[in-house]
Amino acid sequence: MKDRKMLNEILSDTINELNLNDKKTNIKIKIKPLKRKIASISLTNKTIYINKNILPYLSDEEIKFILAHELLHLKYGKYHINEFEEELLFLFPNKEAILTNLINKLHQKNNNKE
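If you're matching positions, the sequence shown starts at 0 in numbering that gives the first Met the number 0 and goes up one per residue.
If you are wondering where the hints come from, they were derived from the structure by calculation, not from laboratory data. Don't be surprised by glycine CBs; every beta carbon is placed ideally from N, CA and C. Just to be clear, a hint being listed does not mean it is correct.
[As the list claims (entries may be wrong)] If you anchor each label on the Cβ, the simulated ranges turn out as follows:
hint	residue 1	residue 2	range
1	Lys74	Gln107	27 to 35 angstroms
2	Tyr78	Asn111	16 to 24 angstroms
3	Glu84	Asp2	30 to 38 angstroms
[To be verified] Simulated crosslink set (BS3-like; lysine-lysine; CA at most 25 angstroms straight-line):
hint	residue 1	residue 2
4	Lys108	Lys94
5	Lys77	Lys36
6	Lys27	Lys77
7	Lys108	Lys1
8	Lys1	Lys36
9	Lys108	Lys74
10	Lys63	Lys77
11	Lys104	Lys4
12	Lys74	Lys94
When you get a sec, could you build the whole thing from the sequences and use the hints?
Structure (structure tokens):
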């Protein structure tokens, strides 16, 4: 299992890369089972939820991608506007490959439960 210290280090690095230092206060990560998602964020309480069933199978790069994606929601709001997508692509030029891997991992875990 990925430890909380490592997740917080990746979170801190990603916050700095996205220049979110002014919004950094009180961003938390919670690990819990999610049925159909890898992660989500509560914009009101600044909490990122990561699927506990998928987390052990994620690489550090995939975790960083997930955190960046959720943090960009904090920066730009609920929707994937152009700036959101451009910033994510700038950080992760291989965005499509990462997304494909994440979707495959989610489907594998969900299919193994049935």
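field: Pairwise hint evaluation, Lys94 against Lys108, where the allowed Cα distance is 25 angstroms at most
entry: holds, 21 angstroms
25 angstroms limit on alpha-carbon distance, applied to hinted pair Lys77 and Lys36: holds, 16 angstroms
message: Check the hint pairing Lys104 with Lys4 against an upper bound of 25 angstroms on the C-alpha distance.
response: OK: Lys104 and Lys4 at ~23 angstroms, within 25 angstroms.
- request: Given the hint that Lys108 pairs with Lys1, test it: the Cα-Cα distance must not exceed 25 angstroms.
  value: holds, 17 angstroms
task: Take a quick look at whether Lys27 and Lys77 sit within 25 angstroms of each other, Cα to Cα.
output: Holds, because 18 angstroms separates the two Cα atoms, which is no more than 25 angstroms.
- request: Quickly compare the C-alpha distance for Lys63 and Lys77 to 25 angstroms and report which way the hint goes.
  value: holds, 19 angstroms
message: Within 30 to 38 angstroms: is that where the Cβ-Cβ distance between Glu84 and Asp2 falls?
response: Once the Cβ atoms are compared, 31 angstroms apart, the range 30 to 38 angstroms for Asp2 and Glu84 holds.
field: Consistency of beta-carbon spacing, Gln107 to Lys74, with hint 27 to 35 angstroms
entry: holds, 31 angstroms
- request: Quickly compare the C-alpha distance for Lys1 and Lys36 to 25 angstroms and report which way the hint goes.
  value: Holds: Lys1 and Lys36 sit about 18 angstroms apart, inside 25 angstroms.
task: Decide if the proposed pair is consistent with the structure: Lys74 and Lys94, CA atoms, cutoff 25 angstroms inclusive.
output: holds, 19 angstroms
field: Tyr78 versus Asn111 beta-carbon gap, inside 16 to 24 angstroms or not
entry: violated, 32 angstroms
query: Can the restraint linking Lys108 and Lys74 be considered satisfied, given a maximum Cα separation of 25 angstroms?
result: violated, 30 angstroms
Checked against the numbered hints given earlier, the structure breaks hints 2, 9 and satisfies all the rest.
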